[in-house]
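Could you put the whole structure together from the sequences, leaning on the hints where they help?
Each chain is listed here by its residues.
Protein chains: 2
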Amino acid sequence: MNKRKGNLMDVRADIKVLDATIRDGGLCNNFEFTDEFVRELYKMNVRAGVDYMEFGYRASKTMFNEKDYGKWKFCNEEDLRAIVGDNPTDMKLSVMADVGRCDYKTDFLPKKDSVIDMVRVACYIHQIPAAVEMIEWFHSLGYETTCNIMAISQANSEQVSQALNMLNNSSVDVIYLVDSYGSLYPESASDLACTYLDTVENTGKKIGFHAHNNQNLAFANTIETLSYGVSYLDATVQGMGRGAGNCAMELLLGFLKNPKYNLYVLFPFIEKYMIPLKEAGIVWGYDLQYMFTGLLNRHPREAIDFTAKKRGDYAEFYKSLLENF
Amino acid sequence: MNKRKGNLMDVRADIKVLDATIRDGGLCNNFEFTDEFVRELYKMNVRAGVDYMEFGYRASKTMFNEKDYGKWKFCNEEDLRAIVGDNPTDMKLSVMADVGRCDYKTDFLPKKDSVIDMVRVACYIHQIPAAVEMIEWFHSLGYETTCNIMAISQANSEQVSQALNMLNNSSVDVIYLVDSYGSLYPESASDLACTYLDTVENTGKKIGFHAHNNQNLAFANTIETLSYGVSYLDATVQGMGRGAGNCAMELLLGFLKNPKYNLYVLFPFIEKYMIPLKEAGIVWGYDLQYMFTGLLNRHPREAIDFTAKKRGDYAEFYKSLLENF
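Chains A and B are the protein sequences, given in the same order.
In case it helps, this note's numbering puts the first sequence at residues 44 to 368.
In case it helps, this note's numbering puts the second sequence at residues 44 to 368.
A couple of the hints might just be wrong.
Copies of the same chain look alike in the list, so a pair counts if it works inside one copy or between any two.
Unchecked claim - Here are the simulated lysine to aspartate or glutamate pairs, DMTMM-like style, with alpha carbons at most 20 Å apart:
1) Lys154 to Glu120
2) Lys135 to Glu121
3) Lys86 to Glu244
4) Lys48 to Asp241
5) Lys352 to Glu314
6) Lys315 to Glu359
7) Lys114 to Asp78
8) Lys300 to Asp53
Since the hints were derived computationally from the structure, they do not count as laboratory data.
Bear in mind the structure is a predicted one, so any value in this text is a computation, not a measurement.
Encoded structure:
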């Protein structure tokens, strides 16, 4: 049986906190953050002791028109540098590259010429071969790499085992367990995390967790999986992220005992930048419609549509989900 | 090491779900629910398969003026019967009696003359002797009894051990672990629950859990403690309860696998009765100010005051809590 690592009083020096507010939160506002917002978030993250800040996606410009999105869907090198300069801080920067939605062979500089430290490759479980190809490419350019296997709650254990073995034989640094649908419970998330951890034992590879809050379990699942040895932890300020959102950074930093993390600096930022976002009508966070899709282990798209239409007929919506199961 | 009981697919036949919406939710609206609300909640709970419904407190009328509160602070027998008649259902009814705020020797009928099935005695840990006296009284009248030891996160393990031993020697049927301040994590809640469970092993006594959602962990802590053998589970519709509220009934019934529970019937009730409550200005649920008091393991009174004043200066409020630690 896997044992918990450390305890509720200890510092776990292996923990790395990644702020994904712009990247996952960008799915709520089409990545249209002001430069001031992004710059202040960057400065706040540095002060908070956050280990990585993810700026967004580096999406294909042949597939997506730059005019249709805010700049953080593309994370052009010059846009990053306009915010962070040469990033003269201890905080590392990441971008996400989706399998099949990224021109990775043309759109990335060698690491020595880029301000980006880590590229996170996101894929569904049937796309692992494509993900591995991208990971090797990014590794050869000099980047740290992760593989974020999405929607893991819909994969069977055979698939998980094969995917983990393929990644174990790759150059990837971190493998992320991603609860895209917010359907895992602390017990199932921990069991899965232990499978991941067992696979990479003694390889030097690390395991990460990315939560969604459909059943109000994003924070709980994050700290439960971390207690068994998961060390890369995604969070977003006030949980800002698609649908029900993510693990809230303020809850996570409140929990972690390492004095390098500074919780307080989040609150002036929240007051000045997050509350106005909400007041301007950007919507995210736990609500019944997201609980329904989490409980039923399915994509939140119908719940996002329910939210966008400001519907309140929860019972009808739940029935419609059951009828289209 | 304590092991989980059952698994995520099983029915745990020992589970009892208790709806505390009127009792804990009444702390949000001075117990001023309409009769229609309470009657429809009662009918809905019966249809949902809820095992116990708590109607409120039976508070002392010498200490509290009936004119100052809604009727569910007192739960007069005739007010209960106006809602439930003789309660010709499988659902049992409970009321809460606070140590020191209840005239228990004069205000309770013998069980055979009352529609109440269970009396829950709430106390702080230094009040166990008074609680035991009340428990024996209620037991002699024929009621099922629980002891709800509040604010357990502030007790030390010596106190917990002594309290549990005293209760183990009493007639109490169920001992509740109560996370009044919402400061427990799944790991600490489970560890405490295992201490409770170990104490009552082979006695026939059961362990319950009552959560608060200050750190968005009410549901997580409830299902984690249940996985180790806790069997009496408190929940409220949409988590309605003091401050950050409680474990949401819809999340709990969505999780439980026993086909006796019917999740769907909650949603028409929520649409018709809960959403209007919120729209009328009754406030509860997770927010930063409650996270602060949960994290700092203290009473939510300052956070409730912050909420009532519609303050938004989270950073100042957090600082003020640190200064008055």
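Consistency of the hints with the structure:
1. Lys154 to Glu120: Classified as within; 11 Å inside a copy, 75 Å across copies.
2. Lys135 to Glu121: Within. Shortest intra-copy distance 17 Å satisfies the 20 Å Cα cut-off; inter-copy 66 Å does not.
3. Lys86 to Glu244: neither (35 Å within a copy, 53 Å between copies)
4. Lys48 to Asp241: Close inside one copy (13 Å), not across copies (24 Å); limit 20 Å.
5. Lys352 to Glu314: between (27 Å within a copy, 16 Å between copies)
6. Lys315 to Glu359: between (38 Å within a copy, 13 Å between copies)
7. Lys114 to Asp78: This pair counts as within: shortest intra-copy Cα distance 10 Å, inter-copy 55 Å.
8. Lys300 to Asp53: Classified as within: same-chain Cα gap 6 Å, cross-chain 36 Å, threshold 20 Å.
The structure fails hint 3 only (numbered hints given earlier).
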